[in-house]
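Taken in sequence, the protein lines are chains A, B, C and D. For the first sequence, the numbering used here gives the first residue as 1, with consecutive numbering after it. For the second sequence, the numbering used here gives the first residue as 1, with consecutive numbering after it. For the third sequence, the numbering used here gives the first residue as 1, with consecutive numbering after it. For the fourth sequence, the numbering used here gives the first residue as 1, with consecutive numbering after it.
One thing to keep in mind: the hints can contain errors.
When chains are identical, the list treats them as one kind, so a pair holds in a single copy or across two.
[What the hints assert, rightly or not] Derived SDA-like pairs (lysine to any residue); straight-line CA-CA distance at most 20 angstroms:
#, residue 1, residue 2
1, K229, A163
2, K157, A249
3, K183, M318
4, K321, R254
5, K73, K88
6, K291, P266
7, K291, H222
8, K357, Q324
The hints are simulated quantities; they were obtained by calculation from the structure and are not laboratory data.
Number of protein chains: 4
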Amino acid sequence: MTANTILDTKNRAQVATSETMKALVYRGPGNKALEDHPKPLIAAPADAIVKITKTTICGTDLHILKGDVPTCKPGRILGHEGVGIVDKIGPAVTAFKPGDRVLISCITACGKCDYCRRGMYSHCTTGGWILGNEIDGTQAEYVRIPHADSSLYPIPKGADEEALVMLSDILPTGFECGVLNGKVAPGATVAIVGSGPIGLAALLTALLYSPAEIIMIDLDDHRLEVARKFGATQTINSTDGRAADTVMAMTGRRGVDTAIEAVGIPATFELCGEIIAPGGTIANIGVHGTKVDLHLERLWSQNIAITTRLVDTATTPMLLKTVQSRKIDPARLITHRFKLDRILDAYETFATAATTKALKVIIEA
Amino acid sequence: MTANTILDTKNRAQVATSETMKALVYRGPGNKALEDHPKPLIAAPADAIVKITKTTICGTDLHILKGDVPTCKPGRILGHEGVGIVDKIGPAVTAFKPGDRVLISCITACGKCDYCRRGMYSHCTTGGWILGNEIDGTQAEYVRIPHADSSLYPIPKGADEEALVMLSDILPTGFECGVLNGKVAPGATVAIVGSGPIGLAALLTALLYSPAEIIMIDLDDHRLEVARKFGATQTINSTDGRAADTVMAMTGRRGVDTAIEAVGIPATFELCGEIIAPGGTIANIGVHGTKVDLHLERLWSQNIAITTRLVDTATTPMLLKTVQSRKIDPARLITHRFKLDRILDAYETFATAATTKALKVIIEA
Amino acid sequence: MTANTILDTKNRAQVATSETMKALVYRGPGNKALEDHPKPLIAAPADAIVKITKTTICGTDLHILKGDVPTCKPGRILGHEGVGIVDKIGPAVTAFKPGDRVLISCITACGKCDYCRRGMYSHCTTGGWILGNEIDGTQAEYVRIPHADSSLYPIPKGADEEALVMLSDILPTGFECGVLNGKVAPGATVAIVGSGPIGLAALLTALLYSPAEIIMIDLDDHRLEVARKFGATQTINSTDGRAADTVMAMTGRRGVDTAIEAVGIPATFELCGEIIAPGGTIANIGVHGTKVDLHLERLWSQNIAITTRLVDTATTPMLLKTVQSRKIDPARLITHRFKLDRILDAYETFATAATTKALKVIIEA
Amino acid sequence: MTANTILDTKNRAQVATSETMKALVYRGPGNKALEDHPKPLIAAPADAIVKITKTTICGTDLHILKGDVPTCKPGRILGHEGVGIVDKIGPAVTAFKPGDRVLISCITACGKCDYCRRGMYSHCTTGGWILGNEIDGTQAEYVRIPHADSSLYPIPKGADEEALVMLSDILPTGFECGVLNGKVAPGATVAIVGSGPIGLAALLTALLYSPAEIIMIDLDDHRLEVARKFGATQTINSTDGRAADTVMAMTGRRGVDTAIEAVGIPATFELCGEIIAPGGTIANIGVHGTKVDLHLERLWSQNIAITTRLVDTATTPMLLKTVQSRKIDPARLITHRFKLDRILDAYETFATAATTKALKVIIEA
């Protein structure tokens with residue numbers, strides 16, 4: 001083992017035994033299969049192998065399946081979320097031992113590069129979002145986790161493990177990209193554009209800061225109803241194209257302090273620009289596939305900030321504490337449950353959320 | 001005098017005596033004249049009348065003359081910068097008395113509204129940028145300053161008053177919109193797109209934070225030469241359209257921590273997006289007349305911030321101290337001097353800067 | 001009226017008519033009386049006269065009565081909290097008119113001096129805490145409020161005015177000096193030393209940031225019971241002198257992220273130093289009468305911060321919004337109610353809180 | 001090798017070969033010797049062995065020699081600063097390889113524990129200040145560095161390695177504990193109490209933020225003269241006990257925005273409390289051996305912060321950039337040079353600085 005071999009975490013050939021496991025494998029645009037696949041092995045000193053107990057499906061997995069994520073090649077096991085039990089560790093792993101129950105972060109972080117030192121784990125030079133993308137992921141019986149000490153979190157005794165699956169990605173994404181970047185504060189007025197799972201995760205975590213108003217905007221009345229149950233103070237169905245006017249009327253023509261974009265298309269980003277108050281912040285969560293119009297001819301003088309962020313999961317320990325102290329209940333995002341051998345049904349349910357009313361689905365391995 | 005009369009600072013009819021003074025008056029798109037004009041009078045308890053000793057011309061004045069600023073109507077005296085001597089004060093003015101030498105802020109601030117309490121004077125509900133726009137300005141022998149206590153600053157004894165004219169607008173604009181919003185820090189790498197007066201003001205004030213590199217980008221070699229003299233560590237003439245590549249090569253393909261947009265057109269804003277490092281900040285200073293493309297399809301995951309700001313001049317006291325302690329010499333921005341009766345020549349010189357090499361011109365009243 | 005006359009707000013002779021009103025007057029250490037007193041008049045352009053509808057008594061009033069506050073001279077009307085109705089305004093008042101219902105801040109702020117521009121109203125050069133101290137206060141039928149535009153807040157329609165009396169002083173004090181200075185954050189562990197009215201105000205406002213644990217420490221079991229009802233997760237009766245040990249045991253020997261000192265004696269301050277975790281903050285609210293020991297021989301290497309603050313009431317607008325949106329209910333601090341003519345009974349009740357279980361008492365004028 | 005063996009970095013028995021090297025060994029209070037000592041070996045996967053090229057002596061080494069640091073036992077090789085060349089690496093080291101020129105941080109950081117994730121490396125649960133204290137240090141020909149990837153920094157080509165020895169401890173200490181914690185800002189007024197090496201390091205790094213005034217206070221006129229050469233705007237010899245009065249006179253009775261304590265005794269800490277302006281920060285750098293008086297009876301209302309910090313060396317990469325870009329020249333702190341075999345003379349010179357005028361001494365191994 002030399003220093004250099006560890007450096008190319010991403011490109012490392014997957015070392016595997018003849019033992020097999022079930023795994024959901026990406027087979028090129030439009031295709032996926034539940035297959036027998038070799039079990040992963042320790043490939044670098046900082047690796048751990050984790051036996052998955054619960055995982056889930058992310059909107060990003062659907063993007064991959066459409067062929068929209070070129071870094072993810074056919075043959076890849078999907079999934080970047082989950083909880084499990086440490087099965088094996090490499091010789092450089094010091095924080096975990098076999099048998100430990102762990103939460104898997106969707107972001108792999110070495111903890112040592114310049115980005116990691118700044119807490120910007122998403123841009124780790126040998127990690128970032130690689131799980132279920134550039135290396136095999138969590139929708140399987142076992143997964144190899146590089147840089148395990150910085151990429152896994154111990155699960156407190158007595159914790160609701162199903163709820164903690166929400167801490168792999170969706171809850172820190174809503175919190176970091178939406179709430180923290182958006183500077184949500186006590187007494188503030190917040191609008192969240194998009195009431196899907198990620199918008200609802202932003203809503204749940206925004207409540208940690210006690211804003212005065214949270215206005216939720218979506219095209220789907222059911223999702224808006226869920227938002228009201230979760231704590232939104234106002235909801236707007238934007239089907240009529242008049243959402244901006246409605247928000248301005250609700251805020252005395254002032255606009256909102258924070259606008260969180262949780263969809264990822266030009267129209268919803270532009271809406272944020274129309275409703276933001278002077279001095280406010282537009283926090284983008286959405287994964288965009290195309291450029292957007294930014295109306296600087298109006299916004300140049302409005303003292304606003306626009307932020308983007310790939311989740312760093314730097315706040316996972318903080319979120320674990322808020323869940324443990326019952327300040328937040330992420331299990332409210334879970335609507336359906338499946339066994340791993342029925343993961344194709346889980347995908348179907350999740351992909352047709354308008355009909356199934358699915359938010360997050362739990363898959364038990 | 002009732003409370004309500006003071007509230008509409010902006011719309012107040014200018015009360016005037018039969019005494020006259022010289023003033024540069026906007027006469028509709030393309031037209032201006034040096035005219036005799038009634039001297040202003042105290043119109044509200046918090047007003048002061050200031051006798052102008054030195055003023056200057058801003059790029060924004062040229063915008064007004066093109067007809068691009070609809071809030072500025074024909075008949076308006078232009079100018080929002082200058083130093084002078086307090087001539088008269090209203091009964092609610094407590095911080096100044098006649099004879100005091102004062103610096104005039106381009107931003108009028110009541111100090112009491114929600115925006116002013118947050119230091120966002122640019123959005124003062126009865127002030128903001130009104131001078132030489134919605135009310136008569138400083139390119140005259142006298143000017144009425146509403147909310148005088150919060151909109152004027154005492155000039156320290158022995159100060160270089162010519163240099164302080166730069167503190168009315170251009171220096172705080174470069175500093176607040178560019179340097180502070182851009183989070184310029186010791187050791188950082190900064191790019192400033194645009195080496196005109198405002199870009200150079202950003203450069204001078206960026207040096208207060210000791211960044212490791214300041215890369216200055218412009219089409220004009222003379223201005224780049226000035227930038228090097230002012231302290232830029234690298235300069236790029238972007239005429240060949242390869243500025244982004246050059247910056248990336250200079251920074252080991254990493255990009256810059258701070259990109260300051262100091263032009264105000266789509267191409268320069270897009271350039272900032274191409275050179276910003278993950279985790280960096282694009283600080284917009286430019287006054288934009290049209291929307292720009294924001295490439296969120298690439299930037300959504302780059303953990304960046306984009307900021308806009310109309311200068312608040314909240315840092316004027318701090319900048320006064322840095323000038324007094326010789327940490328910065330804003331007089332370096334001054335290239336030409338004129339008497340008020342030759343202000344039309346001053347405009348000509350300033351408007352043809354490519355030929356005259358003008359940066360800021362001083363007009364003595 | 002000249003500029004200078006307004007500058008010495010504090011020393012201005014109280015101008016008064018022959019009309020009289022009831023007022024609680026400090027008559028030297030140990031003495032107070034409910035007396036007939038001349039009604040106040042407008043004395044400076046920025047003054048307002050407010051007809052008090054409700055006021056309260058502060059622990060500081062008891063300090064004054066002991067003779068501990070040398071700036072407060074015999075003959076002074078006490079009180080620096082309350083709500084009321086604007087009766088008269090000076091010519092420079094623009095934000096209020098007679099008949100407006102207003103909240104009176106305990107801090108008088110000019111909005112224009114260097115400290116006010118930084119939001120540090122407590123150190124306003126012509127204001128600060130002067131009400132019921134250096135000028136006549138609110139325990140009367142009428143009060144004169146200098147710098148009215150920056151020192152009064154409009155009461156929203158339909159608001160619970162009794163609850164808003166808590167926003168004059170105690171709630172912003174707990175919030176600014178304790179919670180904000182203490183950097184209370186989601187998931188954090190907080191200890192509040194002192195469960196009297198001010199410690200409870202810190203508790204109520206700490207909840208706005210969803211900390212994981214709030215440990216309340218006091219000698220009085222009743223007050224600890226109140227704390228539990230208000231949301232404390234743990235309480236410690238420190239009578240046995242083992243509070244530090246107990247906190248360290250509760251936190252796995254790590255200590256707390258935030259320790260809020262809400263008593264004002266050396267023992268409670270030292271306790272904070274014993275329980276603070278590395279990287280934590282000790283936020284002092286207590287009014288101290290003597291020096292304290294700071295154990296730098298241990299704390300020099302602990303990366304902690306210790307903060308002090310006289311409340312600025314800079315967050316009053318934010319707190320008003322949190323009250324209006326029902327994120328916080330300050331009326332829970334109110335235990336007793338009296339008419340102004342029974343204010344001596346109110347003082348008696350408040351001063352003997354151990355027996356009466358009084359927290360805050362409301363006095364209706 | 002199991003996970004647990006790595007956890008006790010501090011207590012690990014030093015594994016050594018029969019090869020020997022020269023080393024400066026602590027032999028109990030008052031005693032030290034230059035001895036032949038076994039060369040260190042890799043003892044954990046994340047270790048590196050570094051061949052020292054240059055090291056130095058710290059004031060803390062003198063404290064150890066007095067017997068003031070109980071964690072440092074007789075037999076320990078002293079020294080926690082230096083530069084060198086990587087000689088060997090453990091299998092988990094990925095950022096360095098033999099032959100790399102490196103800067104050694106005085107703080108050992110795992111990069112993975114809760115404190116490291118917050119950038120608080122000084123409190124790393126398996127590191128912190130252990131070098132030359134709990135494990136053998138750098139005043140030797142070779143040193144073992146645990147957690148090498150997070151505790152070493154690559155030396156840029158062409159760098160002045162002698163100057164970089166100042167980045168092991170003294171420069172980040174002055175910067176982090178004094179300048180950053182003290183919130184030194186452009187235009188601010190700063191006082192530094194103590195003009196020894198650490199106070200001068202604070203001075204050099206304070207200049208990165210362009211404060212308007214830096215007042216240096218010491219008992220030694222020579223050191224004050226050095227301070228003036230380094231950029232202090234004012235100096236005060238405090239021998240007459242009137243330093244507080246002098247500072248207040250210099251600042252118009254307002255006090256300073258930042259007071260940096262760089263001595264470590266009660267008198268200098270109290271002086272900071274006497275000269276701090278409302279809203280200011282007292283940043284403690286000094287290593288205190290006894291408690292101090294904190295005058296909360298005056299300071300409770302002054303809106304100040306007092307900070308303590310054991311250096312984290314989290315800013316080492318930033319400081320490297322400022323040195324490389326010539327914004328700061330730490331070599332100015334170096335007054336004497338010795339070979340390793342004359343290290344006892346180096347100690348003598350450093351310990352008698354009043355006579356020798358020594359600041360930092362370089363020892364070449």
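- Homomeric proximity label, K321 with R254: Cα distance no greater than 20 angstroms: between (35 angstroms within a copy, 15 angstroms between copies)
Between copies, within a copy, both or neither: which fits K157 and A249 at Cα up to 20 angstroms?
between (48 angstroms within a copy, 18 angstroms between copies)
- Message: Please sort K229 with A163 into within, between, both or neither, judging by C-alpha distance up to 20 angstroms.
- Response: Classified as within: same-chain Cα gap 18 angstroms, cross-chain 28 angstroms, threshold 20 angstroms.
* Indicate which option fits the pair K291, P266 if close means a Cα-Cα distance not exceeding 20 angstroms: within, between, both or neither. => both (7 angstroms within a copy, 13 angstroms between copies)
Query - 20 angstroms Cα threshold - placement of H222 relative to K291 - result: Close neither inside one copy (30 angstroms) nor across copies (35 angstroms); limit 20 angstroms.
| query | Should K357 paired with Q324 be assigned to within, between, both, or neither, using CA atoms and 20 angstroms as the limit? | reply | Answer is neither: 27 angstroms inside a copy and 34 angstroms across each miss the 20 angstroms cutoff.
- Query: Is the C-alpha distance from K183 to M318 at most 20 angstroms within one copy, between copies, in both cases, or in neither?
  - Reply: both (16 angstroms within a copy, 14 angstroms between copies)
Can you give me the call for K73 and K88, within, between, both or neither, at a CA distance of at most 20 angstroms?
Answer is neither; intra-copy 27 angstroms and inter-copy 38 angstroms both fail.
Of the numbered hints listed earlier, those contradicted by the structure are 5, 7 and 8.
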